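A.B. asks: Sequences are here, hints too, so could you generate the full structure?
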Amino acid sequence: MRRCAPRIAGGLAAALLGTAALAGCTAGGDDRPLVVVTTNILGDVVTEVVGDQAEVVTLMPAGADPHSFEISAQEAARMREADLLVANGLGLEEGVLAQVEAARADGVPVLEAGDVVDPVEWSTEDDTGTDPHFWTDPGQMVAVVDAVTDAVDEHVAGVDTARLTQDADAYRSQVEDLDAWMTEQLGSVPAERRNLVTNHHVFGYLAERFGYTVVGAVVPSGSTLASPSARDLEELATAVRDAGVPTVFADSSQPDRLVQVLAEQAGLDVAVVPLFTESLTPAGGGAETYLQMMRANTEDIVEGLR
Amino acid sequence: MHHPLTRPGRRRALPVPLGLLAALTLTACGADPADEPADDASASATPHGYVAGAQELPEPQLQLSYLDAEGSAHALDLLTEDDTELGETGAADAFASDGRFLFAVSEDAGEMTIVDTGTWTVDHGDHTHYYRAPAQVAGTLDWSGEVQAASSETLTAVFSPTTGTGVLLDRADLGSGQVTELARIDTGPHRGAVIPLGNRVVVTDPTSVTALDSSGEPLPGDGVECIDPRGGLATRVGVVVSCADGAVLATGTDDGVDFERIPYPAPVADADRAAALDNRPGRPSVAAPAGTGGVWLLDTRAREWQLLPTDTPWVTAVAADDDADRVVGVDTAGRVVVLEPASGTTTASEPLLPVDRLDEVDLQVDPDRAYVNVPGAGQLLEIDYADDVRLARTFPTAVDPAHLAETGR
Ligand SMILES: [Zn+2]
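First to last, the protein sequences are chains S and X.
Start counting the first sequence at 1; every next residue gets the next number (the working numbering).
Start counting the second sequence at 307; every next residue gets the next number (the working numbering).
Rather than coming from a laboratory, the hints here were simulated on the basis of the structure.
Any given hint could be a false lead.
[Stated by the list, open to error] Listed below are several chain S residues computed to face chain X (Cβ distance under 7 angstroms; list not exhaustive):
1. ASP65
2. SER173
3. GLN174
4. SER221
5. GLY222
6. SER223
7. SER227
8. SER229
9. ARG231
10. ASP251
11. SER253
It should be emphasised that the depicted structure is a prediction, and the values quoted were computed from it without experimental measurement.
For every residue, glycine included, the Cβ atom is placed at its ideal position computed from N, Cα and C.
C.D. replies: Shown next, in the form of structure tokens:
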């Protein structure tokens, strides 16, 4: 079973500021056209493409979980007034699915990023599906930037196409630079160490793109770490040994205790490093933008595996 | 002991109340003159399932929730080992839990008190969400007799075998401290079951199993015969009910509920029937004592019964459904016992439990550990059932633990 860990860094005050800013509500009531975006990762990308030519309202708060966040009746109403609605799709935003469909039924043009990416499949013991976490591969995001540009040009009245194209081109080249840099960075890790031992469930696209293997691992829960047996750590220890890596990329409530117990019970000297997964952070959290999030993760992966 | 979840780290996730974020988004957006007045907004804009102060966290918030006979409810946090008071239920003559809520019946008061332990898990197939909110007494229901409780993500069902009354509750409302009755089902006294299956509910009467919708209306199609039911249980696959000739498995389909029979391999005497099916929540296999000579193990995915002999009579059997398909139980000698079906070997603890009060022992099994209350001794025990039935931790309790439920899962 994979886990969905919310990623909230920074203090509560920062989170609150982030919410207001990301929700775009400070600009409420202006007379520009309206683009509503579900997730904050896409909200950042759409804002970069659109510039100030439209009001961009992002529904998902910083640090929230895209699978489960829900919106207010007022936000749902704004969604239905939008000139364009941008969603991740592929089943990611379960909490706002009904409102997205309601807006679509009202005639709001909807762009689902999932429709323009090259999908990766996941499977568990008793289920399969399409992995919705495409953003971990910047190559997929380039396709999304282009689709957003086309959709804005087609559906959002009053947008100057020349300026839109200019802004979109500028951002696309930043994403392409990111892609090239990640290719070079992740390619610098010795081939035999390109294994992500992790309890994060979002790195399927990254692995597929850059020739890495995701080794899904169950991290012992905090309640077993209090009085552990060798068996509690067996699965993780075996995964680490087989993968031949010095770092586990995982969320743990007690990472220091986990490192200590792995050393005591399994004789393993590993680091436990969390990565950013599926939400941008509030200001100061280290992943305020899509580009920053991807660069931070890449640096941690490369440093952890070298 | 400090709280490990708030330990600062370079990128540790700090829990932020979801409710607070939602409220702020509202406040920030409420200024739009085109929208409804702000006063209305806070009520109408509250998302369904919203819980004041609920936090989403990166791992299960497991608690050992326990009550004494007088209904003083406490919870011991398995991460921090902190003990907190959950509330008072008046008395606890009968008790059940669905993994989040506690249901305690006071015969004198003629009612059941429902306690929200404030921690729960939502399983979305390929990933899982873990929540924590303040614990509270959610409300009461008129009640008499025993109680069984089970929940899906949206529905909670309680059933009294003594009176044959089943009540279907809105689970999201229950989580916000409101007891909303969706349906009342009277099937007459029998040892049956009322168990949610998604947005539907599987219901027994003394001779059959049927399915109803969430308002208690029968779904199209017939039920199936099930003579003399002896309880049921939700599994990863569906809802399983114990019948005289085996099990009936109910599974959800797009437009209703399908029923399948899983007969016993050979006819079984009444005393040897699987009468108290129990499992690790969310897994396909279930177990029950088989009279005094063994245990039943039913894999609802393979649709297969196994009768496993035991050295001693077991009073409880829970299918752990782990890598070795272990069955964890309590035997009549007051020991925690673990059976590995492949080898047939049993491992037992020292006698840990009072043999004259074994009916009060609630054995709880999770992926890593088993937990038992020790009535009269003021202790809860943590057992590493896969590591030679090792006693991992012993927790003193604030009140005598007459009932136990592991919640947050
Ligand atoms: Zn996810």
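A.B. asks: Does each hint hold? Answer for all of them.
C.D. replies: Status of the hints after comparison with the structure:
{"no.": "1", "hint": "ASP65", "verdict": "holds, 6 angstroms"}
{"no.": "2", "hint": "SER173", "verdict": "violated, 29 angstroms"}
{"no.": "3", "hint": "GLN174", "verdict": "violated, 23 angstroms"}
{"no.": "4", "hint": "SER221", "verdict": "holds, 6 angstroms"}
{"no.": "5", "hint": "GLY222", "verdict": "holds, 4 angstroms"}
{"no.": "6", "hint": "SER223", "verdict": "holds, 4 angstroms"}
{"no.": "7", "hint": "SER227", "verdict": "holds, 4 angstroms"}
{"no.": "8", "hint": "SER229", "verdict": "holds, 4 angstroms"}
{"no.": "9", "hint": "ARG231", "verdict": "holds, 5 angstroms"}
{"no.": "10", "hint": "ASP251", "verdict": "holds, 4 angstroms"}
{"no.": "11", "hint": "SER253", "verdict": "holds, 5 angstroms"}
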